[in-house]
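Undergrad: Listed below are the residues making up each chain.
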Amino acid sequence: GAVVSQHPSRVICKSGTSVKIECRSLDFQATTMFWYRQFPKKSLMLMATSNEGSKATYEQGVEKDKFLINHASLTLSTLTVTSAHPEDSSFYICSADGSLGLQGQYFGPGTRLTVL
Amino acid sequence: GNSVTQMEGPVTLSEEAFLTINCTYTATGYPSLFWYVQYPGEGLQLLLKATKADDKGSNKGFEATYRKETTSFHLEKGSVQVSDSAVYFCALSRLLVGAQKLVFGQGTRLTINP
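Just so you know, the protein sequences line up as chains A and B, in that order.
Counted from 1, the first sequence has number 44 at position 44 by the working numbering; the numbering is strictly sequential.
Counted from 1, the second sequence has number 58 at position 58 by the working numbering; the numbering is strictly sequential.
Worth flagging that the hints you see were computed from the coordinates, not collected in a lab.
Small disclaimer: the values here were computed from a predicted structure and weren't measured.
Idealized CB from N, CA, C, for every residue including glycine.
Where hints are given, some of them may not hold.
[Stated by the list, open to error] Just a few of them, taken from the derived set where beta-carbon distance is under 8 Å, the chain A residues facing chain B:
{"id": "1", "residue": "4"}
{"id": "2", "residue": "7"}
{"id": "3", "residue": "11"}
{"id": "4", "residue": "13"}
{"id": "5", "residue": "42"}
{"id": "6", "residue": "46"}
{"id": "7", "residue": "105"}
{"id": "8", "residue": "108"}
{"id": "9", "residue": "109"}
{"id": "10", "residue": "110"}
Just chain B, same shape as in the assembly (with noise of 0.2 Å):
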């Protein structure tokens, strides 16, 4: 079936360091993938995201490559700021008649310290 691990957290950096969030996934066919973010109190925000191997999808300084041969979609940023501290989660979609179903995985919980 279809499935999404990310690394465990929560992760802890200082500000303007350099972050990655790992994630893999188990998919038929080609999905979709996805970063979300949840800011606290908020709902989740869609972040970024690929529709094909070799895509990099980027926003806010935010990057993520789809990566087909490691089926993986990893987040980076090359220098954080304090708000950047939310809850990362990566996400495939598999094809729903006229939508799209996510598969999300558990979450990555970031804090950045001044």
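The following block holds chain A by itself, in its conformation from the complex (with noise of 0.2 Å):
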């Protein structure tokens, strides 16, 4: 149980154009769902908190404007790079808590972004 999926795994896309990852909680619901960027041999980086029905909570230094959250339904939060430039191209990796607290987040795979 408690899987999440990413859609796509694997995206290319041309500098200036924007691109919509999606996140899914599939067989629970996730009222919080995290957004993060892991640069190759770096850390996560938290990115934003998405709650359910609400304005997605930016960590500073990460552009809203840029990073668009939308966690419309408590199994879907999708993130739009938008205007994507080079330095956008990274690992994103989306997590879902299902409201079990300490139990920890439950993981997407990843998607690898890589703007041309």
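Two chains, each in its own frame: build the complex with the hints.
TA: Have a look at this one:
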């Protein structure tokens, strides 16, 4: 149980275009989802916290107009990278909290974004 | 602020060797501590956790003890297997109403050779 999927797993796009990444909790409802960014050989960096039905809370230094997050339902959150640039190329990972508190978050497999 | 520091990888061991991956943290208050594992091509999975000082988390032969005096949460396993090859992340949580926010270390890649 507690499976989180991400789509697509890999995407290549041209500079200036927008890319949408979906994160779904498949067998549980997630009131809170998190979006992380992972650079090569670096840690996961929390970008934003997404709560169903309300605006996302962004971490310091993350541009909310560039990384649009929509948590439209209890099983789906989307991250849209707008006007992508090569420096946005990274591995984006989502996680979902099934209101299980200290049981931890359940992570998706990640999406590799490459901006040409 | 809150931060987690892990030993640099990669770590390469032979099967049945003893494993230690060091993890130290800086935090205000009393965080919970976690080890996550990421197998190739998969998402992070919770390996074990400890919620207060002197707690020992254990799972699949791995153990880690929450040491408040040394602010450490080192991961150990007595005899590793090839299937333990993965990236291991140490993390602490900071409380967010209704959910836990995680702060991760940089990850340690472990390779076990037969």
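Undergrad: Is the interface hint satisfied for residue 13 of chain A? The criterion is a beta-carbon contact with chain B at less than 8 Å.
TA: Interface hint status for residue 13 of chain A: violated (22 Å vs cutoff 8 Å).
Undergrad: Closer than 8 Å between Cβ atoms is the bar; does residue 108 of chain A clear it against chain B? Give me holds or violated.
TA: holds, 5 Å
Undergrad: Double-check residue 105 of chain A for me: the hint is only fine if its C-beta lies closer than 8 Å to a C-beta in chain B.
TA: holds, 7 Å
Undergrad: Minimum Cβ distance from residue 109 of chain A to chain B below 8 Å?
TA: It holds, given that the least Cβ distance between residue 109 of chain A and chain B is near 4 Å, below 8 Å.
Undergrad: Hint check: is the beta carbon of residue 42 of chain A less than 8 Å from a beta carbon of chain B?
TA: holds, 6 Å
Undergrad: Double-check residue 11 of chain A for me: the hint is only fine if its C-beta lies closer than 8 Å to a C-beta in chain B.
TA: violated, 16 Å
Undergrad: Identify whether the interface hint at residue 110 of chain A stands, where standing means a beta carbon of chain B within less than 8 Å of its own.
TA: Holds, because the Cβ-Cβ distance from residue 110 of chain A to chain B comes to roughly 7 Å (cut-off 8 Å).
Undergrad: Once the shortest beta carbon distance from residue 7 of chain A to chain B is found, is it less than 8 Å?
TA: violated, 13 Å
Undergrad: Close enough to count: is the Cβ of residue 4 of chain A nearer than 8 Å to one in chain B?
TA: holds, 6 Å
Undergrad: Have a go at the residue 46 of chain A hint: is there a Cβ in chain B nearer than 8 Å to its own Cβ?
TA: holds, 7 Å
In this structure, the hints that do not hold are numbers 2, 3 and 4, in rising order.
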